[in-house]
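Novice: The chain contents come next:
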Amino acid sequence: MFVLSLFVFSLSAFSQTNVLPMDERGKYTFLEVAELPLVKKEVMSANAKRFFKGYSKAIKLNSSEGDTAFYGKGKMVLNKSLVGVGHPTGEAKYNISLELRNGKYRLILTDFMFTPYERDRYGNFVPVAVSTALEKSPGKLNNAEWEKNVASIARESKKIADKLKATMSNTIKDPQPETKKPATVSTTKW
Amino acid sequence: MKLKSILTIALLSIVSATYAQEAAEAPLQISGSVDTYFKYDFAKAPNIKTYFASEQNSVSIGMIDLALKKTTGKASFVGELSFGPRGQYQSIPNGPDDNSFHIQNLYVNYAFTDKFSMTAGYMGTFIGYEVISPVANFNYSTSYLFGAGPFQNAGIKGTYAFSEKASLMVGLFNDWNVYQDLNGVSHIGAQLMVAPVEGWSAYLNFLSGYSAGAGGTGTIFDLTTAYQVTDKFKLGLNAADYSVSNDNGGYTGVALYPQYAFTPAVSLGLRGEYFNYKGIGELPDASIAAITLSGNIKAGGLTFIPEVRFDSDKDYSQEFVKKSGALSKSASQFSLAAVYAF
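Residue numbers (the numbering used here), protein chains in the order written: chain W, 178 to 367; chain G, 246 to 587.
Rather than coming from a laboratory, the hints here were simulated on the basis of the structure.
The C-beta atom is built at its ideal place from N, Cα and C for all residues, glycine as well.
Be aware that one or more of the hints could be misleading.
Stated by the list, open to error - The list that follows gives simulated cross-link-like pairs (lysine-lysine, BS3-like), each with its CA atoms no further than 27 Å apart: (1) K317(W) / K477(G); (2) K325(W) / K204(W); (3) K319(G) / K336(W); (4) K360(G) / K252(W); (5) K567(G) / K340(W); (6) K315(G) / K252(W); (7) K360(G) / K234(W); (8) K289(G) / K477(G); (9) K270(W) / K567(G); (10) K250(W) / K237(W); (11) K410(G) / K234(W); (12) K281(W) / K335(W).
Claimed, not checked - Covered stretches of chain G, going by a simulated chain W footprint (3 or more residues, C-beta under 8 Å): (13) 364 to 370; (14) 480 to 487; (15) 498 to 510; (16) 536 to 545; (17) 559 to 567.
Unchecked claim - Here's a subset of chain W near chain G, in silico, CB distances under 8 Å, partners left out: (18) S258; (19) H264; (20) G300; (21) L318.
Make a model of the complete structure from these sequences and hints.
Specialist: Written out as structure tokens, the structure reads:
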């Protein structure tokens with residue numbers, strides 16, 4: 178019974194991470210609203226800036242409205258992997274917006290453009306010249322690949338959202354990075 | 246009870262392993278391909294001698310290709326092995342005892358900065374438009390330019406990226422297509438890459454050196470460029486000139502590659518090529534013209550490549566024959582290939 182419950186829970190968690198709904202414009206959209214009642218407004222803003230600084234290679238901010246809204250463009254690399262072994266299959270560019278309110282924030286990733294990767298002569302995977310909006314019909318022949326890409330984008334979006342949530346949950350305005358010191362042992366007392 | 250415990254532990258182990266793998270960065274990359282083909286020459290003879298679709302009226306195999314890549318910090322390696330006629334017989338050299346090493350790529354790379362990296366080992370050549378892997382070519386049979394140029398260049402090279410739109414590679418290389426250079430590292434090569442507008446990239450390549458046993462210094466200039474004109478139409482071009490000093494021949498050629506994608510899964514592409522062998526000493530030049538029409542029908546990792554090809558050899562350099570066995574100035578063939586990439 179316990180095993181069955183665990184299995185059902187695993188399936189449920191898997192399916193949740195593979196769903197990407199559409200917004201009112203008919204665009205695939207990842208949306209998450211998180212409530213953080215214990216985090217002060219100015220701390221939330223500092224947290225958001227720290228998040229974008231940490232993601233500076235993958236997300237470029239275009240504009241912001243004061244300290245309450247941030248807009249930019251991002252890129253995520255999608256991987257085909259099984260048991261930790263695989264290779265990149267493509268990349269998805271997207272628009273990101275993060276809006277802050279008292280005690281909560283809203284994250285939106287949308288306007289996904291998928292660019293498949295191809296293997297070059299040196300065994301590296303590089304993007305092809307043509308990008309396609311995720312909403313464009315893949316046709317019958319490539320439907321399975323397209324479904325995998327959508328699922329992969331949903332998973333990567335969830336990872337970004339989880340990372341954001343972890344950063345935004347911080348309650349101190351200027352947290353000092355943890356200095357990791359190796360564990361010590363005493364060789365004099367025993 | 247025992248079974249339940251085992252299942253529980255197994256399930257938890259899988260969940261833990263998955264979590265650990267997601268947390269790890271840059272996993273080992275494994276990729277590759279498998280290809281097989283049928284080719285039928287309309288004169289019932291294996292007339293057209295360019296690479297990889299060479300066996301007449303036979304369902305034949307290409308190769309299984311396996312590539313590994315691992316990146317740790319700024320260092321990475323690529324090891325690519327191939328097994329089968331396309332690899333062992335037709336595109337890689339054997340060792341001194343005629344054993345195949347199976348190596349297509351074997352190199353290490355270190356990125357000193359985001360802009361500068363160095364690579365050393367045995368690498369697919371930087372010259373030319375077409376490559377050995379069937380996954381990266383649109384047509385299944387290859388051009389005369391591909392067959393005449395180098396396949397691999399072992400050496401050490403440095404690449405500097407001025408920006409996303411321009412980079413320069415300079416390197417020292419062995420003779421073409423050898424694991425060991427018997428007359429020392431004897432070639433110098435360079436590649437200038439420019440990408441002036443989105444969708445257009447151009448590579449100007451240069452390679453020069455004295456190969457063991459050659460009659461002179463061989464120098465090749467090569468231009469390889471492709472422009473994605475629209476989402477559906479792509480135009481590629483390859484032009485090359487190779488000369489061996491002391492009037493020891495060489496070649497000149499140009500190939501044009503227009504391709505049209507009717508849907509993401511169905512494309513049609515043409516290759517029109519003119520190729521000229523330079524005469525050695527008093528011998529005259531010999532030229533060939535070839536036109537190849539190929540389809541690409543993709544379903545997941547699988548690509549079907551139906552292809553028809555017509556070659557014109559006015560100087561009889563290819564020794565095409567008719568059904569009767571008499572020499573012919575032309576040859577034509579049909580082929581159907583299936584390539585699976587993973």
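Novice: Between the alpha carbons of K250(W) and K237(W), is the straight-line distance 27 Å or under?
Specialist: Between K250(W) and K237(W) the Cα gap is close to 5 Å, so the pair holds against 27 Å.
Novice: Is the hinted pair K325(W) and K204(W) satisfied, with a Cα-Cα distance of at most 27 Å?
Specialist: holds (17 Å)
Novice: Can we keep the L318(W) interface hint, with Cβ of chain G closer than 8 Å?
Specialist: At 4 Å from the nearest chain G Cβ, L318(W) passes the 8 Å test, so the hint holds.
Novice: According to a criterion of three or more residues whose C-beta lies within less than 8 Å of a C-beta of chain W, is the segment 480 to 487 of chain G covered?
Specialist: With 0 residues close enough to chain W, the hint is violated.
Novice: Please work out if K360(G) and K252(W) have their alpha carbons no farther apart than 27 Å.
Specialist: Satisfied, since the Cα-Cα distance of roughly 20 Å is no more than 27 Å.
Novice: Under a C-beta cut-off of less than 8 Å, do 3 or more residues of the segment 498 to 510 of chain G approach chain W closely enough to confirm the stated coverage?
Specialist: holds (count 4)
Novice: Tell me if the straight-line CA distance from K270(W) to K567(G) falls inside 27 Å.
Specialist: violated (55 Å)
Novice: Min Cβ distance, G300(W) to chain G: is it shorter than 8 Å?
Specialist: For G300(W), the interface hint holds, since the closest Cβ of chain G sits about 4 Å away, which is under 8 Å.
Novice: Given the hinted pair K410(G) and K234(W), is their Cα-Cα distance within 27 Å?
Specialist: The hint holds at about 18 Å.
Novice: Quick check: the segment 364 to 370 of chain G, covered by chain W? Criterion 3+ residues, Cβ under 8 Å.
Specialist: Holds: 3 residues of the segment 364 to 370 of chain G have a Cβ under 8 Å from chain W.
Novice: Tell me whether the statement that chain W covers the segment 536 to 545 of chain G is true, taking a Cβ distance below 8 Å and needing three residues at minimum.
Specialist: Holds: 4 residues of the segment 536 to 545 of chain G have a Cβ under 8 Å from chain W.
Novice: Need the status of pair K567(G), K340(W): alpha-carbon distance at most 27 Å?
Specialist: Distance ~69 Å between K567(G) and K340(W) Cα, so the pair is violated.
Going down the numbered hints, you'll see the structure goes against 5, 8, 9, 14 and 17, while the others check out.
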